[in-house]
Amino acid sequence: MSQLTKTENRTADTKRVEYVVPAVNLHHDADGFTLEVEMPGVRKDGVEITFDEGKLTLTGHRAAPAVSGKAVYTESAGQAYRRVFDLDPTVDSENIGATIEQGLLTVRLPKAESSKPRKITVG
Amino acid sequence: MSIIRYRTPELAAWTPLDRLSPLRELLDSAYRLTGSAGLSAWSPVLDVYEDAETVTVTVEVAGMKKEDFDLSLEDGALTISGKREAKEENRESFRSERFFGIFTRTIALPAPVKSDGIKAAYEDGILTVTLQKADEAKPRKITVS
Chain A
59 MSQLTKTENR
69 TADTKRVEYV
79 VPAVNLHHDA
89 DGFTLEVEMP
99 GVRKDGVEIT
109 FDEGKLTLTG
119 HRAAPAVSGK
129 AVYTESAGQA
139 YRRVFDLDPT
149 VDSENIGATI
159 EQGLLTVRLP
169 KAESSKPRKI
179 TVG
Chain B
255 MSIIRYRTPE
265 LAAWTPLDRL
275 SPLRELLDSA
285 YRLTGSAGLS
295 AWSPVLDVYE
305 DAETVTVTVE
315 VAGMKKEDFD
325 LSLEDGALTI
335 SGKREAKEEN
345 RESFRSERFF
355 GIFTRTIALP
365 APVKSDGIKA
375 AYEDGILTVT
385 LQKADEAKPR
395 KITVS
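Heads up: the sequence lines are chains A and B, in that order.
With the first sequence counted from 1, adding 58 to any position gets you the working numbering.
With the second sequence counted from 1, adding 254 to any position gets you the working numbering.
All the given hints hold, so there is nothing to weed out.
Only pairs whose alpha carbons sit at most 30 Å apart, straight line, appear in this in silico BS3-like list of lysine-lysine:
(1) B:Lys320 / A:Lys128
(2) B:Lys368 / B:Lys337
(3) A:Lys128 / B:Lys395
(4) A:Lys128 / B:Lys387
Heads up, incomplete: computed chain A residues facing chain B, CB under 8 Å, no partners named:
(5) Ala81
(6) Val82
(7) Asn83
(8) Leu84
(9) Arg101
(10) Ala121
(11) Val125
(12) Lys128
(13) Val130
(14) Tyr131
(15) Thr132
(16) Gln160
(17) Gly161
Here are some chain B residues the structure puts well away from chain A; computed CB gaps all over 12 Å:
(18) Pro276
(19) Arg278
(20) Leu327
(21) Asp329
(22) Ala388
(23) Ile396
Derived from the structure by calculation, the hints contain no laboratory data.
All C-beta atoms in this analysis are idealised placements derived from N, C-alpha and C, irrespective of residue type, glycine included.
Extracted from the complex, chain A is given alone in its bound form (with noise of 0.2 Å):
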């Protein structure tokens, strides 16, 4: 999988919107990818996953925070998260699967049946 990722700093109506862009681990094995992202503070219904010409677009939006008072020190940006990612070819973008647990968004990138080895016997 080639890694390309951007930050998309524009919408549509050119209105300027900034994201994080989380940490994100990558790895490999016979059967495809696994995508671990960071997006604390993100619940299940604040992600977004998108996959359009090849390429695949994480968003997760924060939940607003549950605490009182005044920020009296910040180190937090409080935006919502973005990556996007060329997927591979031989990735079966019908069964990309996703959960999310403590702000760890897991997404699974399964090969396609006709990408994965074979073995091809001499008849």
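Assemble the complex: chain A is given as a structure, and chain B must be docked to it using the hints.
This is chain B only, laid out in the frame that chain A set:
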């Protein structure tokens, strides 16, 4: 004083920056020192909130188990530490941007707090620690008699 390496003329534009390189090396070595001592390999993001009654500290760290956090309060400083375990490694890794292992964050609280009644919750990858302010730190209304 260290000797500055000779630069070819086409790189001459960088010469003023090169003067800073001994300083940069010094800073880098200081970084390596803390890293090797295992004090803190990585630092998750931390926020502090305050209202009239409470001080709330949040730490953003995805994919932990709640039993892997450690909290301690001493002299008005809250220390949050933990260990994030990496999953099984019998697979090929194409990209590794996530940090694993031990982290520690210590922060001086903006107001004195009670040592009891500290609540901590871990949800959606955010650890939220709520501390009750000590009575002397709460705002009081004084009526003129």
